[in-house]
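Asker: Top line first, the protein sequences correspond to chains A and B. To convert, count from 1 in the first sequence and add 278; that's our numbering. To convert, count from 1 in the second sequence and add 3; that's our numbering.
You may find that some hints are simply not true.
Said to hold, decoys possible - As a list, the in silico BS3-like pairs of lysine-lysine whose alpha-carbon atoms are at most 27 Å apart:
{"#": "1", "chain 1": "B", "residue 1": "Lys417", "chain 2": "A", "residue 2": "Lys323"}
{"#": "2", "chain 1": "B", "residue 1": "Lys238", "chain 2": "A", "residue 2": "Lys302"}
{"#": "3", "chain 1": "A", "residue 1": "Lys307", "chain 2": "B", "residue 2": "Lys322"}
{"#": "4", "chain 1": "B", "residue 1": "Lys153", "chain 2": "A", "residue 2": "Lys302"}
{"#": "5", "chain 1": "A", "residue 1": "Lys306", "chain 2": "B", "residue 2": "Lys238"}
{"#": "6", "chain 1": "B", "residue 1": "Lys106", "chain 2": "A", "residue 2": "Lys307"}
{"#": "7", "chain 1": "B", "residue 1": "Lys153", "chain 2": "A", "residue 2": "Lys320"}
{"#": "8", "chain 1": "B", "residue 1": "Lys56", "chain 2": "B", "residue 2": "Lys97"}
{"#": "9", "chain 1": "B", "residue 1": "Lys187", "chain 2": "B", "residue 2": "Lys153"}
{"#": "10", "chain 1": "B", "residue 1": "Lys311", "chain 2": "A", "residue 2": "Lys323"}
{"#": "11", "chain 1": "B", "residue 1": "Lys56", "chain 2": "B", "residue 2": "Lys153"}
{"#": "12", "chain 1": "A", "residue 1": "Lys323", "chain 2": "B", "residue 2": "Lys387"}
{"#": "13", "chain 1": "B", "residue 1": "Lys154", "chain 2": "A", "residue 2": "Lys306"}
{"#": "14", "chain 1": "A", "residue 1": "Lys302", "chain 2": "B", "residue 2": "Lys322"}
{"#": "15", "chain 1": "B", "residue 1": "Lys153", "chain 2": "B", "residue 2": "Lys417"}
{"#": "16", "chain 1": "B", "residue 1": "Lys106", "chain 2": "A", "residue 2": "Lys320"}
{"#": "17", "chain 1": "B", "residue 1": "Lys54", "chain 2": "B", "residue 2": "Lys417"}
{"#": "18", "chain 1": "B", "residue 1": "Lys97", "chain 2": "B", "residue 2": "Lys172"}
{"#": "19", "chain 1": "B", "residue 1": "Lys187", "chain 2": "A", "residue 2": "Lys302"}
{"#": "20", "chain 1": "A", "residue 1": "Lys323", "chain 2": "B", "residue 2": "Lys172"}
{"#": "21", "chain 1": "B", "residue 1": "Lys97", "chain 2": "A", "residue 2": "Lys306"}
{"#": "22", "chain 1": "B", "residue 1": "Lys365", "chain 2": "A", "residue 2": "Lys284"}
{"#": "23", "chain 1": "B", "residue 1": "Lys187", "chain 2": "A", "residue 2": "Lys320"}
{"#": "24", "chain 1": "A", "residue 1": "Lys320", "chain 2": "B", "residue 2": "Lys172"}
{"#": "25", "chain 1": "A", "residue 1": "Lys306", "chain 2": "A", "residue 2": "Lys320"}
{"#": "26", "chain 1": "B", "residue 1": "Lys322", "chain 2": "A", "residue 2": "Lys306"}
{"#": "27", "chain 1": "A", "residue 1": "Lys323", "chain 2": "B", "residue 2": "Lys86"}
{"#": "28", "chain 1": "A", "residue 1": "Lys302", "chain 2": "B", "residue 2": "Lys154"}
{"#": "29", "chain 1": "B", "residue 1": "Lys322", "chain 2": "A", "residue 2": "Lys320"}
{"#": "30", "chain 1": "A", "residue 1": "Lys307", "chain 2": "B", "residue 2": "Lys100"}
{"#": "31", "chain 1": "B", "residue 1": "Lys322", "chain 2": "B", "residue 2": "Lys387"}
{"#": "32", "chain 1": "B", "residue 1": "Lys154", "chain 2": "A", "residue 2": "Lys307"}
{"#": "33", "chain 1": "B", "residue 1": "Lys417", "chain 2": "B", "residue 2": "Lys100"}
{"#": "34", "chain 1": "A", "residue 1": "Lys307", "chain 2": "B", "residue 2": "Lys153"}
Keep in mind the hints are simulated off the structure, nothing from the lab. All figures in this text were calculated on a predicted structure; none of them were measured in a lab.
The lines below spell out each chain.
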Amino acid sequence: MKNISKPFYALGLLALLASCQTVKGYQKKYLNDAEMELSAKKIEKFESNFQSYREGAAGANGGKSGGGCGCN
Amino acid sequence: MAVKAAAAAAVTNPFSLKPSMKKITLGLLALYLNILAVQAQKPADTVRYQKKKLTLSEVNLVSGYYTQDGDHSAVTGGIGTEKLTDWSNTIEIKLVKEGRGNKEHNLNLQLGIDHYTSASSDNIDPATITSASYADTRIYPSVAYSVNDKKRGTTYGVSGYYSTESDYKSWGAGLTFAQTSRDKNRELSLKLQSFFDQSLIFRPIELLPFYNDNGTYKPRQSHSAALTLAQVVNKRLQVALLAEVVHQSGFLSTPFHRVFFTNHYVATEKAPDQRFKWPVAIRASYFAGNRLVIRPYYRYYRDNWGVKAHTVNLELSYKMGPHLSLSPFYRYYVQTAARHFAPYGMHTPGENYFTSDYDLSKFSSHYGGAGLRLVPPQGVLGLKGWPALELRYGRYHRSNGLQSHMVTVLTTFK
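Chain B with its partners taken away, still in its complex shape:
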């Protein structure tokens, strides 16, 4: 009984422990307090968020050369050469930062420069052989910033655009929002964009006395909302549904496009000052076997000017090896004419709106070509900082005679 009482006292009262046991207990307590003290004394930076800088993620250089010719120039009323060449270059710099709370910050800076020569523009003033309008340069910088919250699966972004050429300036802004599902198999995104354009009014030289262009035109504005739903269907197939609404208002005519009437009267193009566009599209990508990626795309388009169009595109990417792929593609496009379109000399006097721009005529087009993508493990030409090179060529043929060729090169640096 006395032994039991002593044992019970030993459990409930530590001070009743033997001296050696007391030492061990006090030692463990000191060790525990020491660990707590060490944790408390750790520098704040190692426990809390560490500030990080934006780092360069990728640089992309895209260069393209485009050439076209045809016999339906809008500048000369739907007849005459459409010869045009365009040399385009853009540089895109992508910066990324891992931020607080598992958020990724992305900054995308772009600068584009296009230089074109246009035989039809030269005919704004046919008396000159190489007028100022024969060649022009367009410069267009843009900036986009987005934050991707990986925990919540949301992305918010803002963007700004600017474009300038000798007779035309454009400012733009955009907002984006995207929500990814928890299993990361679905994403819904919304993109809102607005553009505010200002142009100098150039008329064909012989028609200048008939127009009074002293600031009477409303600048062009474009507003769009694009909704995209991207969905993984299975391990090899994913699809995206795209729907967009675009509204344009203001001066939508091109003032140096001539229009010839049945009574030999000549004027410049006059388009309605409102345009609503409704394109919807579906895109898919399917990995067949181990080497082939099939990428079909279909778009239906209609607007309130009377243009209805179908676009079908199919690209097959064949992996010739682990680091090289060849991608032949074909695109078919067909559209109806805008209500205010008529060919050269076919407009009747008294019409409210008129154009002989064959881009708004009824036609179909074929565009085909191939792309080559090279991703060597040692980098292109053995340069580690140059991981990828892409080349692409396409030939375009329109049923009303316009033909064009385009070569593009994309180089990626990291």
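Same shape as in the complex, but just chain A:
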């Protein structure tokens, strides 16, 4: 099942990227909304910190990937 799902996801991603439209600046009313930010919000900063300390996984969220102890 795993071997089948990987190409399926890759194809889905390719289809998504292939369906991209050219959006002009004046058509970006929704895309420019503050809630549409394509990164972790500023207010999530401390949450990301404690999650990276309390969990084994970290990274790929635009934040720091090292530095500091976090050993408590």
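The hints should help you fit chain B onto chain A, whose structure is shown.
Answerer: Just chain B now, with coordinates in the frame of chain A:
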């Protein structure tokens, strides 16, 4: 014939014009020369680039209060209280300058201060009730500078980080590069970061005679490269693909974490001195209708310690009015255990690496809560310089019993 010759002479020879026509021609010539002279005499500043200063763009204050409790403290070998509170504050000052050649210069200054109390740290020396390790303060300033060339769509940036607490110091540096497509619908960015940490080695008090910690440990180093591709799909949907590689080396163990073995032998945690992490993620934001923003996020993570993890996050931002939005969110996380993890008293003698830190155990977690964002047109409390206020609360529950709560407030000033 004579008339035609005179007319031809009048066109080819201006000096053959009538006196009144000569005056007009000379007048126009004088006016043209005068305009040229005025242009040439204009002060240089009005034609050339005007030097501008950095101006304050935004100030953000983020304050957070975090509290947790559980029953698997790594300091006491995987049993005992994990009670911890942390009070975090950061101030971020953003300065901006319009520079030569349509370039925007950004300077970002940050200062963070965390103060925590930790019951488990207090058990490094159980004989004391409130030892120095019971509470600590971390101070972490950082600076980032970037130049955005609007004409070429490129951004270059450098950054520096520092962090200090009583037993731990960290220095860091970063480089960023981003390229935006001509139609501004795609951006590819690369972020490189390095951190160099130094720590004092604290051992549990009763184990001190068994260790010789005289400078034999290599400091911890972390290097990472993160690649992000952000793409506009249509007028309402945009996605970002994120991939990162992290390499850590040096002393990666926490020296005051106890480990109990099956034969009742006690030691402190020993982790491999290399760690490679490979997280990849996809994030999207979709504007549905006129009031709802849907923000899903998925991350797959694996490392060479044996931890594999999936993270799914969904946030819905509902605009209750033009100036107020409510954002409930839910996050699910699941991970496998690191190969060198075993619970209290389960490690067998002869193992090369060992830990009873439940942050590296097999578990799943749920994190849910809500955020509120207020952007009144007259400013918060009628103050124009205070345009936005955000509040956020979340409750975290881990399948091995750890629970935590977090409240965060973000205030933006302009």
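Asker: Going through the numbered hints above, which ones does this structure break? Give me the numbers in ascending order.
Answerer: none
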